[in-house]
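Based on the sequences and whatever the hints tell you, model everything.
Sequence order for the protein chains is C and L.
Following the working numbering, the residues of the first sequence are numbered contiguously, the last one being 475.
Following the working numbering, the residues of the second sequence are numbered contiguously, the last one being 549.
Because the hints were derived from the structure by calculation, they are not lab data.
Incorrect hints may appear among the rest.
Among the chain L residues that face chain C by a calculated CB cut under 7 Å, a handful are [as the list claims (entries may be wrong)]:
no., residue
1, Ile497
2, Ala511
3, Cys514
Every residue, glycine too, gets a C-beta built ideally from N, C-alpha and C.
Chain residues, written in single-letter form:
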Amino acid sequence: MNPLLDFSLAEVLDLLRRKECSALELVDACLEQIAATDPETHAYIRIGDPEVLRSRAAYADNLIARGRPGPLQGIPIAVKDNIATRAMVTTAGSRILSHWQPGEDAEVISRLDAAGAIIIGKTNMHEFAWGGTSENPHYGTVRNPWDLSRLAAGSSGGSAVAVATRTCFGALGTDTGGSVRLPAAWNGVVGLRPTIGLVSNRGVVPLAWSLDTVGPLARTVQDCAILTQVVAGYDERDPSSVTCNVPDYSSVLRLGVDGLRIAVVTDFLGENTQATIRAALMRAQADLESLGAQVFQVAIPELERSLDAQFIIESCESSTFHQKWLRTRADEYGEDVRVLLEAGELYLATHYLQAQRYRRVLRSEFLRVLETADALLMPTVPFTAPTIGETKIRLESGREMDMLQAITTCTAAASLTGLPAMNVPCGFDDNGVPIGMQLVGKPFHEADLFRIGHAYQMATHYHIKSPSLPASHHP
Amino acid sequence: MEDSLANLPESAVSVICEVAAIRMTQRRCDTLAPYALACLASARKLVEQMSSETYLEVVPMTVFGGWSQGNLKP
Chain C
1 MNPLLDFSLA EVLDLLRRKE CSALELVDAC LEQIAATDPE THAYIRIGDP EVLRSRAAYA
61 DNLIARGRPG PLQGIPIAVK DNIATRAMVT TAGSRILSHW QPGEDAEVIS RLDAAGAIII
121 GKTNMHEFAW GGTSENPHYG TVRNPWDLSR LAAGSSGGSA VAVATRTCFG ALGTDTGGSV
181 RLPAAWNGVV GLRPTIGLVS NRGVVPLAWS LDTVGPLART VQDCAILTQV VAGYDERDPS
241 SVTCNVPDYS SVLRLGVDGL RIAVVTDFLG ENTQATIRAA LMRAQADLES LGAQVFQVAI
301 PELERSLDAQ FIIESCESST FHQKWLRTRA DEYGEDVRVL LEAGELYLAT HYLQAQRYRR
361 VLRSEFLRVL ETADALLMPT VPFTAPTIGE TKIRLESGRE MDMLQAITTC TAAASLTGLP
421 AMNVPCGFDD NGVPIGMQLV GKPFHEADLF RIGHAYQMAT HYHIKSPSLP ASHHP
Chain L
476 MEDSLANLPE SAVSVICEVA AIRMTQRRCD TLAPYALACL ASARKLVEQM SSETYLEVVP
536 MTVFGGWSQG NLKP
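What follows is the structure, encoded as structure tokens:
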């Protein structure tokens, strides 16, 4: 593997500005690494045209040489394939949209482009983002690079694997019920679900519009902060976008966690959570305390019905979006997604409305707890990556659950409440596959999550380890 | 309610699909029915909670809003 790929996004930005490497070298290194790893991982649906990518890199090198680089000038970034790109077909992981050439870039793509990023390719995903495993019948199953027999999670599985395998320096995914945080956890990378409304959804193929948001994935919290800075902010053409000040995230990283209050949510550390994950969370709690954070425990009783509400809303809204295709092109969906969409047609209107009312209850509870804490700490997933093909999971307690429900146990609450939530790698299980912890913050206080996550990564090494896949040959 | 759902003839699902104009084969209906019935059973639990007196009193009868509504401005 080209040693340039071991640098973080922040480090490589520095190398570019000091002219110790070029954007052209970065693009070539990423393309070589994709060629070496993607046949195993199926992280990408489409790779950018190498000549177009090299010409963009040459343009970036020219701007850097003239001292006028954008904040991501010359950095190869991967993008989930449900985010519209004019330059590349956007499939949303589906056969139905297999030839869709959008007439306009999504807002987040325009922002990446204005910042100088180079879109290296479009990443694989669960079909239409409606699922948590990224087992895609049309474009192949995304495989976990830490153990290729295991699931990568989803729906943004390709984006997380693309980052973990060093084929790009950051990626965009989308998160409805956990689709950025889940694959981030199982692939050992950082993934942020921003506060709903902070990042524009315009040009993103919807799953469930009241829950959807674009979110960045990266190797480090610092890199995640840099990406968030570029894509966050009001978009007058997105009705769900919120006018708010976007702080300078990178400048808060050095503040550390001294004095910050972190509440460990005990509801997620019970008998359903794997013992290795409980132990990793306890170690993280101790590490954060030793860094100066005030850590205490809380319980949130209203959490019990969060999965029910999540599934009702996600089902009803996605089935509404897909209503016409379900009646005219049902054969073109993968079986698992088609069944979910059909089931979404069977809920009552009162189910949906009660679920939306429940969100108010849950949000009030979370905001009440967040009056006494700056962030909440909980697992991202209660179990580590199982083998590909499993549709049910036996939890630590012996209880058997449907995979999609089980995987979103800990992520649904932040989705329902609209609060920001970030996965940070915090260990490995006995099989050597990653464990993630989830930090949930106050609305629009992503900066607090970045402070905590960055301080934790400065004191730990989990984010430095990389999976040992066949890598591109570099002389 | 869970008992009655469990006893609901699975062919009822195909009737509902017919009403909703979703084309169903018997094989598809066989796949959908158990999953759909489990979904509806869990929805029932949420409805039982949210229609209780406690929540009728404290939660407004409005759809969940964004940050600009109510007292939830950042």
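Going through the hints against the structure:
For isoleucine 497 of chain L, the interface hint holds, since its Cβ comes within 7 Å of a Cβ in chain C; the closest pair sits about 6 Å apart. Residue-level restraint check for alanine 511 of chain L holds (minimum Cβ-Cβ distance to chain C is 5 Å; threshold 7 Å). At its closest, the beta carbon of cysteine 514 of chain L sits 5 Å from a beta carbon of chain C; the interface hint therefore holds under the 7 Å criterion.
In summary, the structure agrees with every hint in the numbered list given earlier.
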